[in-house]
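2 protein chains.
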Amino acid sequence: MDKELSICLSTSMIESFDLTNKVVVIVDIFRATSVICTALSQGVSEVVAVNEIKEVKSFLNNENYLVAAEREGRIVEGFKFGNSPLSYLDNPNIVGKKLVLTTTNGTRAINSSLDSDEILIGSFLNISSLENILIEKNKDCIIFCSGWKGLVCLEDTLFAGCLASRLLNSNSFFSQCDSVILSRKIYDFAKEDMLNFLIKSSYKERTRELNIGADINFCLSMDKYDDVPFYKNGKLLID
Amino acid sequence: MDKELSICLSTSMIESFDLTNKVVVIVDIFRATSVICTALSQGVSEVVAVNEIKEVKSFLNNENYLVAAEREGRIVEGFKFGNSPLSYLDNPNIVGKKLVLTTTNGTRAINSSLDSDEILIGSFLNISSLENILIEKNKDCIIFCSGWKGLVCLEDTLFAGCLASRLLNSNSFFSQCDSVILSRKIYDFAKEDMLNFLIKSSYKERTRELNIGADINFCLSMDKYDDVPFYKNGKLLID
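If you read the sequences in order, they're chains A and B.
First residue of the first sequence? That's 685 in our numbering, and the numbers climb one at a time after it.
First residue of the second sequence? That's 685 in our numbering, and the numbers climb one at a time after it.
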């Protein structure tokens, strides 16, 4: 019970947190952190997260790199990969390649966390491994929900509530953070049928015409992967 | 169903909202907006909300003004009034006076909303009048929770959820905002015993030594007042 747990509900709030000596878990369930977990577990050798589309363009003609760009939930014109984790499933063309990724919210969250001691990538796909690693570490933890354009989004909040409940139940963390109470309650309410709960959320509006139902089902699956990506020298890697 | 309803959960998020043509309801339940509603309903003639302590100091020797300054939940040294609504109850010395107020969160929220079309002050103390006014107006509405130092706080979220539920049930508003779903769910969970729910929140830690139990009970009381303070030319007034 000696480590403190907090939740930041959106990118716009991160400056209100002191990241010093903390481990920060980046969360962008639909879909950046689900993509990062999937791509690395499926054989991509490293992921570079950048904020601007112009930064990824310079990698377009480099055969060592896969280049992925998403804005407003869609693949940016001129790019082959967007923000769908399914693109990286059972795809021999990605093995051993490096991935450069820019997305609406998730990559910004990663690059806003560089003052922390350590950055990990969280998704439902690797939640149990993540839980175990956080319990073992001797560091306070901030679960950093990317949200949507500076606002709160339900899917990241649900994940934060799920992970927070596990960490607090382990008795190795305490919390004085109202966002933790809020997120745990909402997860408790929705956990039996997250998909149906989310159908009512703004994400339905955000992505109505994008036909990403298969992506959403995949991103809500628990524990498909054991790997927990971490940030090192500008790259996201797994051991 | 033609007016849009959104909730901003903390001051750090307000820049992600477009305030143009909106009516913004400022919420700082513990305790700035509860103080503003109480002071005006009890006879104070106007409230001036300022961000900095140095701005209020110049009013200290002006007998037309009451001067109130709170930081971290406490009266600032050298000031007679802090942020307790009870100071303004049945107090003949306040009648007809002007009040200059600076608080940790609430006054900043007011001064961050000046790009909106209209600013109203919300609290449980005037919630039904506020609900009626918002239903009558032909404007989209943002419920703006002051939160705590850029973070989310439970008591403002509960109020936002309560007001949002009433407005959506009136069928004159729609919402696509995940914070509305979140706030309504939390209010539904806590509404039978808000005090007990809040005892578990970080506010207990924030104010443990301040002995403000009577204030908290008062601030959670519904519909003590019919007046809804509004902002005009730098002042908060009632009709």
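None of these hints come from the bench; they were simulated from the model.
Among the hints, erroneous ones may be present.
Since the list gives no way to pick one copy over another, a pair counts as held whenever it fits inside one copy or between any two copies.
To be verified - Pairs of lysine-lysine, DSSO-like flavour, derived with a Cα cap of 27 angstroms:
(1) K833 <-> K869
(2) K821 <-> K908
(3) K916 <-> K833
(4) K869 <-> K821
(5) K823 <-> K919
(6) K875 <-> K781
(7) K833 <-> K687
(8) K869 <-> K781
(9) K741 <-> K908
(10) K764 <-> K782
(11) K916 <-> K875
How the hints compare with the structure:
{"no.": "1", "hint": "K833 <-> K869", "verdict": "both (24 angstroms within a copy, 22 angstroms between copies)"}
{"no.": "2", "hint": "K821 <-> K908", "verdict": "within (23 angstroms within a copy, 50 angstroms between copies)"}
{"no.": "3", "hint": "K916 <-> K833", "verdict": "within (26 angstroms within a copy, 31 angstroms between copies)"}
{"no.": "4", "hint": "K869 <-> K821", "verdict": "within (26 angstroms within a copy, 33 angstroms between copies)"}
{"no.": "5", "hint": "K823 <-> K919", "verdict": "within (22 angstroms within a copy, 47 angstroms between copies)"}
{"no.": "6", "hint": "K875 <-> K781", "verdict": "neither (36 angstroms within a copy, 53 angstroms between copies)"}
{"no.": "7", "hint": "K833 <-> K687", "verdict": "between (30 angstroms within a copy, 22 angstroms between copies)"}
{"no.": "8", "hint": "K869 <-> K781", "verdict": "neither (41 angstroms within a copy, 44 angstroms between copies)"}
{"no.": "9", "hint": "K741 <-> K908", "verdict": "neither (31 angstroms within a copy, 60 angstroms between copies)"}
{"no.": "10", "hint": "K764 <-> K782", "verdict": "within (14 angstroms within a copy, 63 angstroms between copies)"}
{"no.": "11", "hint": "K916 <-> K875", "verdict": "neither (33 angstroms within a copy, 46 angstroms between copies)"}
In this structure, the hints that do not hold are numbers 6, 8, 9, 11, in rising order.
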